[in-house]
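Residue 1 is where the sequence shown starts when you use full-length UniProt numbering, and the numbers rise one by one after that.
Because the hints were derived from the structure by calculation, they are not lab data.
Every clue listed holds true.
What follows is a list of derived Cβ distance ranges for each label pair:
{"#": "1", "residue 1": "Gln435", "residue 2": "Glu475", "range": "49 to 55 angstroms"}
{"#": "2", "residue 1": "Glu410", "residue 2": "Lys482", "range": "20 to 26 angstroms"}
{"#": "3", "residue 1": "Thr337", "residue 2": "Lys310", "range": "27 to 33 angstroms"}
{"#": "4", "residue 1": "Glu353", "residue 2": "Glu464", "range": "42 to 48 angstroms"}
{"#": "5", "residue 1": "Glu484", "residue 2": "Gly257", "range": "24 to 30 angstroms"}
{"#": "6", "residue 1": "Lys271", "residue 2": "Gly383", "range": "18 to 24 angstroms"}
{"#": "7", "residue 1": "Glu267", "residue 2": "Arg467", "range": "19 to 25 angstroms"}
{"#": "8", "residue 1": "Arg476", "residue 2": "Arg430", "range": "46 to 52 angstroms"}
{"#": "9", "residue 1": "Arg354", "residue 2": "Arg467", "range": "38 to 44 angstroms"}
{"#": "10", "residue 1": "Arg466", "residue 2": "Gly383", "range": "43 to 49 angstroms"}
{"#": "11", "residue 1": "Arg261", "residue 2": "Gln435", "range": "45 to 51 angstroms"}
{"#": "12", "residue 1": "Arg490", "residue 2": "Glu404", "range": "26 to 32 angstroms"}
Note that the structure is a prediction, hence the values are computed from the model and not measured.
All C-beta atoms in this analysis are idealised placements derived from N, C-alpha and C, irrespective of residue type, glycine included.
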Amino acid sequence: MVLKSRTKQTPLTFREKQTELWLERSGAAHGEKGEKERQRRKKKRGERRGEEEEGERKEEERREGRRRGGKEKEKKTEEEKREVRRRGEGEEMEKEQGGRRIEERDRGGKEKRGERTERRRKEERTEEEERGERKERKGGRRGEKRTERRKEKRGEKDGEEGQRGEEGRRRRQRREGKRREERTGRKGRREERRQRRKEEERREGQRRKGEERREGQKEKGREERRTEEENRREERTRKGEERREGRGGKRREEDRGRTEREEERKEKERKDRGERRREKRRTEEEGEERKRRKERKGEEEKRRQRRKQKRGEKDRGGKEKRERRTEEERRREERRTGEERRREERTERKGEERREDRGGKEKRGEKDRGGKEKRGEDRGRKGREKRKEKDRGERRREERRAEEERRREERRTEEERRREKRRTEEERRREERRQGRKGERGEKKRRERQEEERRREERRTEEERRRDERRTEEERRRRRKKEEEGEEERERQERREGQRKIEERGEG
Numbered sequence: 001m002v003l004k005s006r007t008k009q010t011p012l013t014f015r016e017k018q019t020e021l022w023l024e025r026s027g028a029a030h031g032e033k034g035e036k037e038r039q040r041r042k043k044k045r046g047e048r049r050g051e052e053e054e055g056e057r058k059e060e061e062r063r064e065g066r067r068r069g070g071k072e073k074e075k076k077t078e079e080e081k082r083e084v085r086r087r088g089e090g091e092e093m094e095k096e097q098g099g100r101r102i103e104e105r106d107r108g109g110k111e112k113r114g115e116r117t118e119r120r121r122k123e124e125r126t127e128e129e130e131r132g133e134r135k136e137r138k139g140g141r142r143g144e145k146r147t148e149r150r151k152e153k154r155g156e157k158d159g160e161e162g163q164r165g166e167e168g169r170r171r172r173q174r175r176e177g178k179r180r181e182e183r184t185g186r187k188g189r190r191e192e193r194r195q196r197r198k199e200e201e202r203r204e205g206q207r208r209k210g211e212e213r214r215e216g217q218k219e220k221g222r223e224e225r226r227t228e229e230e231n232r233r234e235e236r237t238r239k240g241e242e243r244r245e246g247r248g249g250k251r252r253e254e255d256r257g258r259t260e261r262e263e264e265r266k267e268k269e270r271k272d273r274g275e276r277r278r279e280k281r282r283t284e285e286e287g288e289e290r291k292r293r294k295e296r297k298g299e300e301e302k303r304r305q306r307r308k309q310k311r312g313e314k315d316r317g318g319k320e321k322r323e324r325r326t327e328e329e330r331r332r333e334e335r336r337t338g339e340e341r342r343r344e345e346r347t348e349r350k351g352e353e354r355r356e357d358r359g360g361k362e363k364r365g366e367k368d369r370g371g372k373e374k375r376g377e378d379r380g381r382k383g384r385e386k387r388k389e390k391d392r393g394e395r396r397r398e399e400r401r402a403e404e405e406r407r408r409e410e411r412r413t414e415e416e417r418r419r420e421k422r423r424t425e426e427e428r429r430r431e432e433r434r435q436g437r438k439g440e441r442g443e444k445k446r447r448e449r450q451e452e453e454r455r456r457e458e459r460r461t462e463e464e465r466r467r468d469e470r471r472t473e474e475e476r477r478r479r480r481k482k483e484e485e486g487e488e489e490r491e492r493q494e495r496r497e498g499q500r501k502i503e504e505r506g507e508g
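Start from the sequences and build out the full structure, keeping to the hints where you can.
Below, the structure is given as structure tokens:
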């Protein structure tokens, strides 16, 4: 906006002067952007700067070459940053104190620049004014009471104030005027002090929390070390007692467990080796069988070619194919007849084997396969055998696992019982020492108790030894039985394998 007076150079009217002044202040006359925002921020902070201060700041900004608005981002002054921090803390405090929840929606550029909304500014202004009025009223009331008290002392009546009363009133008025003048400036400073104090308190709280946390961690570490040391001491004491009393139960238990584990490992390795050997042998035999079949086919083809050459036959196309087909059908028929005969023989043999094997099957919980076995069909035999072997292995593993778990549980229970007994004994001894019962009677009882304890321990050790022997014997019997069953199964399998090979050779 350009004024008329600017172009014509005529004196300005009062209104034009006011407009000119406003334009200069807002910066619009010089085409400067962002001044309105700055004014709004000033209002928000509650600052009232004079014209000289404003001019100096503008001059300083121009000197530094700082551009407002446009593409270059506006740099925040230290006061603005402080204000943003203050606002954040104020909002947090309000939330903590359970005040009205501030809506937290994205307000775009305003929020980035750290400005409050218009509504928030109005609320703050209203709160400040109310606070000021309250203080004023309070101060006024106090002043009046003081005046009345003084008047009473001087014996003055209402409306008959002396000279001193008049002076006091004037002083009060002066003070009130000054207070009114300074309030705006003081408000900003007071707010700043309050924020500074809050910031310091917050930092102090954080530092104290950090120290408490560190101290807590140190204490925790000390407590853990102390507990570990006590545990070690207790362990040493217990081991010493066991040595003195000549009990090597724990060591025996560990040795026994180690031996059992060693035996199981060896057993597993032996079985694995046997399985690998069998698998290798089976693969080799199958490979040889395939090779033999291929060779047989090749030989037959060569013989056929030689016969043809001898007879001096030519390739007669379709006729020869038909003859060959007829020949193949005849052979197939013969083979089928042979297979039926062999199947009958196999059925009889299997019936015998089944009758022998039924006892073992029932023991192992296997089912009779019914019609297939009766008909002598032998489809998917290898797959079935592999499945059976796998199931047996799985069952054995499951049994082993259950057995190990049971032993572990027994050991744990035994260990817990011993610990409890030791603890009880130590408590009893401590109690005896505390009460100072060390007379002859106490000594005699202690010897009797020790003797009784020793006898009980011997009995327990003997029972454990017998139990272990029984368990070992049962384990050995079970293993022997399994091995025998496995051996029978292997023999049957080998017989079947041999028979199959004989049959295949016969077919060839």
